[in-house]
Structure formats: structure tokens, C-alpha cells
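S.K.: The chain contents come next:
Protein chains: 2
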Amino acid sequence: MFHAASAQKYVDASTLTIIGRTCPMEGHPYYRVDTTRYRFDNATIRHYCGYPAGVAVLFTTDSRRIEARWTTAPRSYGWNMTPVLQRGMDLYVRENGVWTMAGAARPGLQDRHASTIVEHMDGQPKECMLYLPAWSELLTLEIGVDEGASVTPLESPYKHRVIVFGSSVTHGASASRPGMTYPARMSRMTGIEFVNLGYSGNCMLQPEFARLLAETDADAFLFDAFSNPSPKMIRERLDAFVATLVKAHPDKPLIFMQTHWHTAGNLDQEAAKFHRERIDTADGMMRRLAKQYDNVYFLDGEWFFGRDAEGTIDCDHGSDLGYDRMISERLPRIRKILRKYGIR
Amino acid sequence: MFHAASAQKYVDASTLTIIGRTCPMEGHPYYRVDTTRYRFDNATIRHYCGYPAGVAVLFTTDSRRIEARWTTAPRSYGWNMTPVLQRGMDLYVRENGVWTMAGAARPGLQDRHASTIVEHMDGQPKECMLYLPAWSELLTLEIGVDEGASVTPLESPYKHRVIVFGSSVTHGASASRPGMTYPARMSRMTGIEFVNLGYSGNCMLQPEFARLLAETDADAFLFDAFSNPSPKMIRERLDAFVATLVKAHPDKPLIFMQTHWHTAGNLDQEAAKFHRERIDTADGMMRRLAKQYDNVYFLDGEWFFGRDAEGTIDCDHGSDLGYDRMISERLPRIRKILRKYGIR
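Sequences listed follow chains C and U, in order.
Every letter in the first sequence is one number past the one before it in the UniProt record's numbering, and letter 61, counting from 1, is 61.
Every letter in the second sequence is one number past the one before it in the UniProt record's numbering, and letter 63, counting from 1, is 63.
Mixed in with the good hints, there may be bad ones.
Since the list can't tell identical chains apart, any single copy or any two copies may satisfy a pair.
Unchecked claim - No more than 25 Å apart at the CA atoms, straight line, and that leaves these computed lysine to aspartate or glutamate pairs for DMTMM-like: (1) 336 / 142; (2) 9 / 270; (3) 159 / 308.
Because the hints were derived from the structure by calculation, they are not lab data.
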């Protein structure tokens, strides 16, 4: 059931500017990746192609009130995620060049939702960026405004585009809301678009993903590629994965990030052994590959969520605090590389 | 339905050490406050007395695996909270004097839960602190361990006790998990017990709360008292509230914190007016009261969640990032006052 809402006019969001899609799909405006073009065997990966993590709708409106009504496909709740991250949204407004949070679109417990996001504004035109649900397929979305208000597409503020391919950490578990995933935050902070291609638990250096990334145009690629594969998978797949990417994008920076230490490994001896082997495997191979290829980079170090075990929700996935620490540690190193390629 | 669990022995947690209760209640080991002694008219306040926000179970075990099975009373999900904050738990283990997160107790979607928290440990005795659900009544809790393992009460590590009375911010919305509320984090950081007496949305300087706090023994009191009442309530109730507390605890520090700026007020002109009036009212009255009473202190400033609007989940409630910023700004000022009273 829709919540009560008092907007007088609704605009289909698919008619506005949509950013953050890697490979848009006809008829599915909020999909990140076209599942007819990339036919993943794994059903979870196919679902995730449709989840608009990192996708945002851009528009300008002079309405005093902004609402949303939307529908999501059924899916279960995650114990380590907020409903607003999974199936809600958050709105940013740009003022004096700075994006500031204006409000959240509060999801209901079922699949049809309606929410006032912000009200009592001054009626001057506002540049808006609405981040879509990170962990649900979005079937419909309408923006609600005052009767006489205008709603027009806003041009993307981003000149450069960096694809971030990764695990749940990239996908956004367990940021508090969609706009707090680290690619979204880095985009607002830098003015460079970091496109979210996170596939929670399923980012395993698969050849299908190498093909998708090889065929995707971007100014640079950032990889959180070592959080999901086993050490064995890394040994078997990494060389070919990197070779495919280097061949497709010979002049583009390809930046690989080390995965994070799992706090559970502080006490769980088997977890510690597994994570240590994975980190060491990635470290050794990436140091070799970074030497082998001019445009391949490796950001080493596994402590970016902090050494005090307070940066994750579950010893594994970052909270907003963990991601803030990650950005503080990783972003300066990423920007230093990007600047060498004129990406700033 | 219980999840599969493989512990071989269960211990009733109510037989172990329980900390964080303000006024324990016979027959309800996890209640923060005895609702037969303090009969609040408001049903939400009565419920919250039973929610073990900030309550923790302390024990030592040499088990290689720690599990939990527990039941919570039915309640709805919050759109801006994780299930693990609402009805789950998180475990810390003390090593070399430092508490480190060992694992989360993952709640199910209904009211009966079971979860492995940590496994494959080394079998040496471990000092454990398990934070209980912040937003549900906990009906039963058993700690599961290996067949031959011992489980014994662990003495509280805290000498001094500071009652933190407040709103949802103190209660814990929207920390990622129970151990990440700001009183819990400040306790681990300082070795001083900050007891959580947060009543989300219902901390309005009521006389019943003044009576509860007057009759509660502690070394100091910290107040997040201006996030819920209207400016009118503050004007009508604050003087009497402070006078009652000063009379009951004439030699104890009573530290009042300013409330936070609501980011929604950056755009919502009515919200801005309301929050500005509330902040100004509290500021003016508290400056007077801090002069009037020797042991009454006021921590001014409303920007402790940050000026960049990234510290909250919904323009109002802190995320782990917001609380981290709050602790960085407030805790040094709090400790400076406490040190004057030998509380360290």
C-alpha cells in the first residue's frame, strides 16, 4: 500500500537524466547492465545487473516539495542492511557546487512505496540527484512535485567516468543508504563519476565480467577484485583477466585494490588463514602484473577499514565509518594515478 | 524457526554478569528500567524500558565456538535501522586490554533466532562482552559453546558509571549494530561505563524521568536532552528538571549536550526555523543554568555530526560515521569535566 502523499503532479523518472549505468538496457531504465547482451549463468549475478546500485536520477525542479512513489521487486531483507539502502533512496541537492543531503525516500515493508523526501523549500530551482535502491530491482519510479512546478532533466555534472568493479564492498554493504556507498561518495567528493559495478559475493574474476569490462568505455577502471575469489581462483584467473583488460584498454589506467582484512580473522584461526592466503596471493601476483604492464596499478594494504575493528558491521562489510576510512586511505592514491592521465 | 546451530551446550545468559541496566527488574533480566517502579503513562516509553540498548552480558569461556539462540518480542522493522541493531547482537573479546569485535549474532526475520558468532578459536580462555539488541525486547538468551567448555561470569571492567539520558541519538539510531552506539563506543574507549538510557523520540524532560534519574546512583550524568522536546517544552520544563537533578546529586557532574543540527533544515525552511529555535532556547537556558549551579555543565555546538551532511542516515539520526565524529568532538570535552571529579 502506498503511504499518504500530497504531491499534485508526478513525473516518470525514466524521462529524466539517469547516470551510473554501465550498459543500459532497452525497456529497463534502471538496470546497470543489459542482461540480454551479457548472459550470466548465475541467477544472483543476473539479478544484480538489475539492481540500480550507484544509479541516480538527475533533475532540476522549483517545487517546494519533492516526493517519490516507486515499486521494487520482491526480495528478502538482509540482516546487516538498512531497508533504506536496500529499497529506499536518498536525495542530494547541489548548492554552490556542493552536493548536500536533502532527505531520504523511506521504503515500506512491502514492494510499493511512497514518501515525502523534502518539503517547505524556497521555490527556487534546485539541482537534484536521487540515488536509487542499492539492493532491489526498481520497477517503477515517479517524482512527485507541486502542481505548478517544473521538472526538467539535469545534465550530468561528471566529465570523467571510472568504472568500479567489485564485491559487496563496492556494491555497498553495509552503507547506511544508497548515496553512502564509497563510489557514490567519491563521485560527490571529486567531480569524477565512479560507476558502481559491485556484485556482492560474486565478483570472482570471471571471463564474462572481463568481456563486459573490455567492451565498456570509461576513462579508467578501479578493481575491488580480491574480496570474493578464493586464493585458487585468483591464481587461476587473474593473469587472463588482466590481459583481457589491458588488451581492450591499452592506454587506460587499470587500478587494482587489495582486499580488506576480515576482523573475524583476529580470533577465527581458519578465517585468518584463508584471508591471509588470499591477500598474499593477490599481493604477489599484482606486484608482478603492475611491473609487467605500464598502466596497471596496485594499491596494497588491507587495513583501510581501520585496525580497531570498529569499521565494519559484521567483521566484513564496511559501515559508513569503514567506508569513510577507506576513502581517506584509498582516494588520494587513486587520484594521484588518475591525474597522470588528465582525469581530475 | 531456529537456524541450524552446532553448539553442544547452552548457558542461560541471565546467570552471567549483566551490565548497562539503570534499574534492574525482578524476573526481567534484560530490562534497563523496572517498569513496576517507574510507571510511565506512555506505552512507547514502557516498551523502551524493556529494550536492552546498551546492556551487555559479560563472561569468560574457553570454547572454540560461541553461538547464541534467543527470542525477541514481535515488533516492526525500522526503515532506517539494520535488523542486527534492532534484534541482533555483537560480541567483543578483550585481548591485551583492548576490546575487539569477534562477530555478530545474526537475527532472523521473525522472533526466534540462532546464530554462530565466532568459531575456530584457539581454545584459550576469552573475556567476552555481548551487546544485546538495541530495539527489541529480549525474552530469552542462551550462549552456546563446545561440549567440554567452561562459561563463567566475568567481572565488569568498569569502575565508574555515567548515566547517559537521551533521545534516539543516545538510544542508538542509526548505528550499524548494538556495540556501535556512542555510549557503548565511549565505554570501550575510556574504561568508564556510559550507561545507555536513550528513549528514542520520547526524551522530553518529563518529571517521571527526573525522578528516575534522581533515584539512580552514578558517578556522573550526561544529557542528550534537547533532541526531542519542543522549544516550548524546554522553556516550561528545563529549570525544574535541572533543579531536581541538582538536589538529588549535588556533588555529581551533570553534563548537558546541545542537540545536533538537522541537515533537512539546510533546505526545509520550516524545519530550519524549528531546529534553530530549539537550539537557541537550550543554549540560552543552559548558559544560565551552568552559571547558576557549580556542577552543571553545558557542551554547546550543534555540528558534531559534521557540516557536510554525510554523518546521518536520514538528515537526523547518526550513522556510525556521524557517531564517530560526535565522539571525536564531544568525548574530549566530557573527559575533561569527568577528570575534575576523579572519574577516569
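S.K.: Run every hint past the structure and note whether it holds.
M.R.: Okay, the hints, checked on the actual structure:
In this assembly of identical chains, the alpha carbons of residue 336 and residue 142 never lie at most 25 Å apart, being 40 Å within a copy and 52 Å across copies at closest. In this homomeric assembly, residue 9 and residue 270 come within 25 Å of each other (Cα to Cα) only across copies, at 22 Å, whereas the closest approach inside a single copy is 57 Å. For the homomeric pair residue 159 and residue 308, the shortest alpha-carbon distance between copies (23 Å) is at most 25 Å, but the shortest distance inside one copy (37 Å) is not.
Consistency with the previously given hints fails for number 1 only.
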